[in-house]
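**Student:** Protein chains in written order, with my numbering: chain A, 1 to 114; chain B, 115 to 225.
One or more hints might be untrue.
To be verified - In silico lysine-lysine, DSBU-like type, Cα no more than 35 Å apart, as pairs:
#, chain 1, residue 1, chain 2, residue 2
1, A, Lys14, A, Lys57
2, B, Lys217, A, Lys14
3, A, Lys71, A, Lys57
4, A, Lys57, A, Lys11
5, B, Lys217, A, Lys57
6, B, Lys195, B, Lys217
7, B, Lys195, A, Lys11
8, A, Lys71, B, Lys217
9, A, Lys71, A, Lys11
10, A, Lys71, A, Lys14
11, A, Lys11, B, Lys217
Claimed, not checked - Coverage of chain B stretches by chain A, computed from C-beta distances (three or more under 8 Å per stretch; other residues unrestricted):
#, segment
12, 151 to 161
13, 191 to 205
14, 212 to 225
Think of the hints as simulated: they come from the structure by calculation, not from any bench.
All values derive from a computational prediction rather than experimental measurement.
Beta carbons: idealized from backbone N, C-alpha and C, even for Gly.
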Amino acid sequence: DTGVSQDPRHKITKRGQNVTFRCDPISEHNRLYWYRQTLGQGPEFLTYFQNEAQLEKSRLLSDRFSAERPKGSFSTLEIQRTEQGDSAMYLCASTTGTGQETQYFGPGTRLLVL
Amino acid sequence: GQSLEQPSEVTAVEGAIVQINCTYQTSGFYGLSWYQQHDGGAPTFLSYNALDGLEETGRFSSFLSRSDSYGYLLLQELQMKDSASYFCAVRDRQAGTALIFGKGTTLSVSS
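Let the sequences and hints guide you as you build the complete structure.
**Tutor:** Set out below in structure tokens:
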């Protein structure tokens, strides 16, 4: 399968714990995005990487959230000291430099914070 | 800031035609995209309009009027498998390279 993959697909954690999600984009895509989606809403932008550089961050991204893309391939999103309000689907998308409107989404990681 | 408005729900029967409208308010507009998302699935790209007019891709067409800040997605010959959420999304200069999505329209197709 050459699509975007995310791991884990589901995560249940207790409030206050740290969680980390991984995204593997389509191999030739240099642009990678993280979004968050809650029930009944569209995806909301969190952060964007071009190769290994984190170029944009949303105001939604509090200091408890950190993302990396160390070698310009896979990316990780970490949430520290999780809160119940962090419960959501975390989506990763990738695209090439010339096709920014056509973003290819992974299946998402569904996080539930108890 | 940016905002997008689309109906929350639309219902139709198999074989019918349905139009999902989207109005937007942005600065430095680049274009309007449409994505489909089935329950529990990932959003999937359907179409993109940068210029005024109609783009056709099989049973789906998308229209844009930049002067009216309006677009729509037209789905023809509806099938049960078209039951999903449909999101319009824009990219504009304020948002940078990210897409700003509407809240989505849930389409229910019945037999």
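**Student:** Would you mind marking each hint as holding or not holding in the structure?
**Tutor:** Hints, one by one, checked against the model:
1. A:Lys14 x A:Lys57: 26 Å, holds
2. B:Lys217 x A:Lys14: Within the cut-off at roughly 29 Å; holds.
3. A:Lys71 x A:Lys57: 19 Å, holds
4. A:Lys57 x A:Lys11: 24 Å, holds
5. B:Lys217 x A:Lys57: With a Cα-Cα distance of about 21 Å, the restraint between B:Lys217 and A:Lys57 holds, given a limit of 35 Å.
6. B:Lys195 x B:Lys217: OK: B:Lys195 and B:Lys217 at ~21 Å, within 35 Å.
7. B:Lys195 x A:Lys11: The given pair, whose Cα atoms are some 29 Å apart, holds under the 35 Å limit.
8. A:Lys71 x B:Lys217: This hinted pair holds, its Cα atoms lying about 34 Å apart.
9. A:Lys71 x A:Lys11: Distance ~25 Å between A:Lys71 and A:Lys11 Cα, so the pair holds.
10. A:Lys71 x A:Lys14: 31 Å, holds
11. A:Lys11 x B:Lys217: Given pair A:Lys11, B:Lys217 holds - Cα atoms ~24 Å apart, limit 35 Å.
12. 151 to 161: Since three or more residues must qualify, the claim that chain A covers the segment 151 to 161 of chain B holds, with 5 doing so at under 8 Å.
13. 191 to 205: holds (count 3)
14. 212 to 225: Our answer is that it holds, as 7 residues pass the Cβ test (under 8 Å) against chain A, meeting three.
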